[in-house]
Amino acid sequence: MKFYTSVILVLSLIYSCSPGRKVQENNLISEAPSWVRQTPNAADSYHGVGMALKSNQQDYRERARQSALSELAASISVTVSASSVLHQFEFDNNYSEFFRDQIKMSTRQQLEGFELVENWENEEQYWVYYRLSKTKWEQIRQERINRALTQSQAALEQARSFSEQGKKADAIRFYIQSLEAVRNFLGDELTIATETGNKSYAPALMADFINEIRDLKFVFPFETLRFKQGALQNTTTLDVKVTDQKGNPAAGIPVITKFSWMPASEQVSFTNANGVFSINIDKFKSGSSNGQISSAPDLQWLVENNSEDMLIHKLIDGIKVNTFILPVEFIPAVFHLSLTEKNLGKMVSNTGLEDEIQKLFLQEGFKLTTAIDDADYLLEADIDTFTGNERNNRFSTNLNATFVIKNKHHTIVYSRSVENLPGLGDSYASAGLNAYRSLLSTYRITVYPDILRTLF
Amino acid sequence: MIFILLLMAAGCTVKKLAKQAVQFEQAGMFKDAAGLYLQALALKPGAFEYKTGLKRTGQLYLDESVAAITSAYNRNDYQTTIYGYRSMQDFASTVRSAGVDLDFDYSTERMYEKACEVYLSERYELGQKLLNEQSFGEAEKVFSEIHSIQPEYKDTRNYLLTSTLEPLYQKGSNHFSRRNFMNAYKEWEKVYQKNPDYKDVKMRMQEALDERYKEGTLWLIEEDFDAAAAALGEVYQIAPDYPDVKARYMEARNEPIYRTSKENLKTGKCRTAYFGFESIIKDAGNYKETKVLKDEALNCAQFPVAVLVGAMPQHNADAAEFEAALTNRLLSYNDPFLKIHQFPDMNSKFFQAVASSRSPDRKKLKELTDTYGIKAILMISFAEYEKNEGKLQKFSRTGFERQPVRKTNGETSYYDHQVSYTEYLKQNKASLEMSYQLVSAANGQILLSQRLTGNKEDQTNYATYQGNQKNLYPAKEINNTYSIDLKNYHSLQKLLKSDDRIQSADQLRDDLFEDLSKKIAKAVIEFNPEK
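Residue numbers (our numbering), protein chains in the order written: chain C, 1 to 456; chain A, 1001 to 1531.
Simulated from the structure, these hints should not be mistaken for lab results. Don't take each hint at face value.
[Unchecked claim] Below, in silico cross-link-like pairs of lysine-lysine (DSS-like), each with a Cα-Cα straight-line distance of 27 Å or less:
id, chain 1, residue 1, chain 2, residue 2
1, A, 1114, A, 1186
2, C, 314, A, 1114
3, C, 104, A, 1114
Predicted, not measured: the structure shown is a model, and the values here were computed from it.
Based on the sequences and whatever the hints tell you, model everything.
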């Protein structure tokens, strides 16, 4: 019995492992013309052969046509000339690939001059063959280049004119239009005829555009901005002027501003008719003594708002703009301490509180002074202890404290009370001093962070 | 055979995997195809067709990935570039582990590096911003991502630590500000466990303990012992070596018991006081004067009881047995207060004095108290008692011994031979009806009273037969003629196998006395004269 079961198992395994029936070879295209079986490769033309299945497809002719034209367009090579703008401005290989893809896409979209050579069909398939003469294509292409150059030069003229008038934003807009006009030929060596002979066009246009951007100059109202820490209670505005190198105001320029003490934050503003834009500085706390405000023309904004062409975006992305920096110096706030420390109504010293307060301020980079007039802030602390209970020669006290901070004008800017901090000891006096230990912890953990949050 | 089957099954799986791989490859799903070739190679390492399949599909997938990465890079989508590249690297490394090297386009490496440069810088700045805004959870995600891509990127490690620990540190501070010191301690402890050097966390943990200790001690001073015990207990659990904490914790736990016990001792509730002092000693050792006071309470709580056992006419020895059983049982509890006194010489005199009259003889009671310090009398009275050792009854019975006889034709018939066997019967019994009373020696008050009855019986019934017991059948008599009783065969067999042993009447008595004395002793032990 066991033997038979095993034999059946082995047989079923052999059956399940055996390959499926071989599909019979399809002889459907055996009678088709030769271009169906292999795309022609005559050197004088570009060729494209396309096929679409007829089954369940109403538009199979159009699908076959698109397929053929795609093949035809793909066979038109796109080259990047060594003297093209792409080479001159040191765009990397990845960019060249991107550029080629973009050009191929537009070549396919704008394909013209091709001719239908033949079509062939059987019950299931529809085949079509298109051809484009290389000579004809070169002619079409040259005409396009000429048209693009004319269009681009016109925009360039306009851009230069606006630039002369100090209308920088408009000038940039026309420079972008000028670039857009020749975008399909940026890999070619575009030349224009001048009085002195033929001249390379696209690199010159690009250089002009870059100069236009780099011509902008930002004039800050100070050489260095100095902030007293904690002095900034509200938003402060700083006006910055943007001009060209001749000092003419640049209106309508988008500007992006970053603050070194606020990573990943930026402000975007626009210059007004006088070429002025405002930087708003909010209350802040900096961990270091120096920082900087950096502003630069927002080239990305300019491009995105003047062109939808990805190729142009990518081209201009690579341009480095000048960034203008305003150094900022953070001047530490100066504190004066005035502590009234009592234990059971009597003045005491050496409780450790003053040392703790000083240590924390100094750690944070603040300064301390003994002269009230030199201080930005006056910290007044009033502390006293009161008797609590007694049991088995154990004594308890309660400590109350108030912390008040006044600014230079003696206005109270911070106030906080601490009540009923316990103290323990073998006498009320020692219990009172013991309560100061709790005050030290409470000051460091609770009060001091609150002071920093409120003032800085 | 099993081995052959297993080999065939494995071979079959490999072929199926390869077949599926080809289908995926034809459908342009190169990654899936490569995955299947990898599986096939794992089952059949080194197989040429699977290795070339993996090389082919793996390379195609790699080329697809390169195209996708390039496209993402050109779109300035640096995140996709980075993760695409990493995924591609993982794939190539998996394929390499199967012994297949793929051709790598190193331009993607440059793209990856450039994408990292921009993307990580942006993420790093975002992380810093989130930290500044105290969005620690979000910051942690950002720095974790950077860490997973480039662990050594700038100060990522520190920022990651800060984004993880700072929320806990601040949570602790908030608890401390609200005077929830132990919650603060727990949060800071979490920080400490991850990084003992984080800011001043170690000092803060100590400060939280200090404050909680202080809180507990203050409650102790205010005599809020429960709150004090809770606070000091928490400190003690965490830091048993914290100065003085154990003593104060013990004080908080035991002072209220100490005080109550002292008061109980003062008001004569010595037994309750004793238990209070005892629990303190168990918990805290020698707390204040607990040991002395415990002894005092024990002395005061002594409860000497005189056991007076009434007469059991004609069974004086059994009455003595009962008294002995009761005394043993009472002593077995090792009750610290109960002291048993017996007065064998004066038993009947006292018994009559206390029990016979309607009200107890105060004089006699006073005599017991004054002379022997007796606080209560346990009086045992017997009403009816019976102890019967039955006689062994012997009955001669008629039966049949059946013998099978094989006939010459092969059939079996039986020969029933009339015989005699003996049946025995015996029954022993002990029963008692009694009552007990616990009477205060101070005033004759009946403290406990109960009537008890008990009964113990045992019997034996068996049979003996000298011949072949298995073939023995009982007989039934009809009109003075015996015939074999097949129906009761099993009953007789049971009697033949029955045990002939039986508990003696004395044993039954002992069991009975044990049961009853146990009930009485339990009632006396549980009796609390202070209630």
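Status of each hint after checking the structure:
Between residue 1114(A) and residue 1186(A), the direct Cα distance comes to roughly 44 Å. Violation of the 27 Å bound is thereby established for this hinted pair. A threshold of 27 Å between alpha carbons decides the hint, and for residue 314(C) with residue 1114(A) the separation of about 15 Å falls inside it, so the pair holds. A threshold of 27 Å between alpha carbons decides the hint, and for residue 104(C) with residue 1114(A) the separation of about 26 Å falls inside it, so the pair holds.
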